[in-house]
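Engineer: Each chain, letter by letter, is given below.
Protein chains: 2
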Amino acid sequence: MYQQIADALREQIADGRLAPDAKLPTEAELRTMYDVSRETVRKALGLLVNEGLVVSARPQGHFVRRRQPMVFRPQAEFRKRPHSKEMDAFMTEFSAEGREPRQLIEVAIVEPPAEVAKRLHLQPGALVAVRKRVRYLDGEPFNINDSYFPLDLVRDSEIMRPEDITRGANEVLAELGHRQVRALTELYVRMPTPDESRRLDLGPGTPVGYHLLTGFTEEGKPVRVAITVLPGDRHVISHELFREEAP
Amino acid sequence: MYQQIADALREQIADGRLAPDAKLPTEAELRTMYDVSRETVRKALGLLVNEGLVVSARPQGHFVRRRQPMVFRPQAEFRKRPHSKEMDAFMTEFSAEGREPRQLIEVAIVEPPAEVAKRLHLQPGALVAVRKRVRYLDGEPFNINDSYFPLDLVRDSEIMRPEDITRGANEVLAELGHRQVRALTELYVRMPTPDESRRLDLGPGTPVGYHLLTGFTEEGKPVRVAITVLPGDRHVISHELFREEAP
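The listed protein sequences correspond, in order, to chains A and B.
Every letter in the first sequence is one number past the one before it in the numbering used here, and letter 106, counting from 1, is 182.
Every letter in the second sequence is one number past the one before it in the numbering used here, and letter 110, counting from 1, is 186.
Some hints could be false.
For chains that are exact copies, the list does not tell them apart, and a pair is met inside one copy or across any two.
What the hints assert, rightly or not - The calculated lysine to aspartate or glutamate pairs, modelled on EDC-like cross-linking and capped at a C-alpha distance of 16 Å, are:
| no. | residue 1 | residue 2 |
| --- | --- | --- |
| 1 | 161 | 316 |
| 2 | 194 | 162 |
| 3 | 161 | 294 |
| 4 | 194 | 91 |
| 5 | 161 | 295 |
| 6 | 297 | 162 |
| 7 | 156 | 320 |
| 8 | 194 | 169 |
Just so you know, these hints were derived from the structure itself, not from any lab.
I would like the entire structure built from these sequences, with the hints used as guidance.
Structural biologist: Next up, the structure:
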């Protein structure tokens, strides 16, 4: 029975009858509507909270979660402007007025995590420089972006300073003789670790996209791994595809 | 305290000391190791189950979840073979021996879901043909792939028959005069709906990637929406990026 109540509410959320931020019927109202116990109503609401569709804000009640995702476009790495008018329109649709991004940057020299060492083909003992960023939008943490570079390549460069690099770290790498001409991206979909939940202030039922980008030079040398943690309730990840052959 | 126990186990899973399918220490062993109550041990294990890192198989105990993801490569839409040797190596690494894909296909004429109607620019009342597929690997459901076409475009074509189309539905569309030359992809990361959980036989703590691909003709007319539901524990979604400008 609680499944049926959840199904009915989910359908109303999906088709917009219950809009973002709308208040759901109260527990008492749902009990009367469906002639069921408080227990059953609570199980139905709990299911929707776990699915990330509804937030519980006691004592006011339950509300439809507002999802206003930000477009994450891995292709911006190599071309700032999209090529198709469809992508332009799509990004315009998702860009909200008055949202001001802000970021905290931290730089460190560390032993690389195993997944980074493997992708950068590092010898045991080799160190990496990491630029760790948390990006905020309207004061809320939006995503985590950590970029790893073999220390040998970037020592004493601008990359080691905890400030924004206006022309981009990729441009600095190119000036150092390590221009990235292609990249391989991997996206894993999973629940957050407790540390990610804390840093990103995630609610229950919020999975993340774990995005790894490995950048290669013309000679096929991996020179950078960027790891982005994207909360599912705040992002849509988008690509343009073309029939034309890439070089 | 249960967080610390979970952290320690998580670290061992991450660095491979606890390999896929390995048995975790028993509840009794963990109680002795950390000198804590059964309650605390259970909370620690419950946390790892919810994160999808561990499976509980009573009465045998808890085991490290094996993740052997399949590469989902949206770019295969327009080029079968990857272009970089890095992507080739990556796909080889993830291809497992002896895994036989199999699929069930179902065709229907339906009113389009709102998200499909919007992307296909359909008038109210216009119908769509949908080819619904569930793909199995080694007898397990791997993903759901539903492709929607404006009914006006594909009526009486091969697309309406519930059989595999060897040369691909895209080729049939092209023969009908609606060749897709570009596409826009959107990926949303969220918890599964109960229906998806059932169709894909998902365990607890398993989010999904919800992938929409809209295909456009040269004139910018949308002629197809493909929706793929990708369980996070069974897929890695991967792209190649190139610095060279697309046309």
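Engineer: Now look at each hint and say whether the structure bears it out.
Structural biologist: Tested hints:
1. 161 <-> 316: within (10 Å within a copy, 22 Å between copies)
2. 194 <-> 162: Classified as between; 13 Å across copies, 37 Å inside a copy.
3. 161 <-> 294: between (30 Å within a copy, 12 Å between copies)
4. 194 <-> 91: So residue 194 and residue 91 pass the 16 Å test across copies only (12 Å; inside, 45 Å).
5. 161 <-> 295: Result: close only across copies, 11 Å inter versus 34 Å intra.
6. 297 <-> 162: between (34 Å within a copy, 10 Å between copies)
7. 156 <-> 320: Result: close only across copies, 12 Å inter versus 19 Å intra.
8. 194 <-> 169: between (38 Å within a copy, 13 Å between copies)
Violation of the numbered hints given earlier is absent; every hint is satisfied by the structure.
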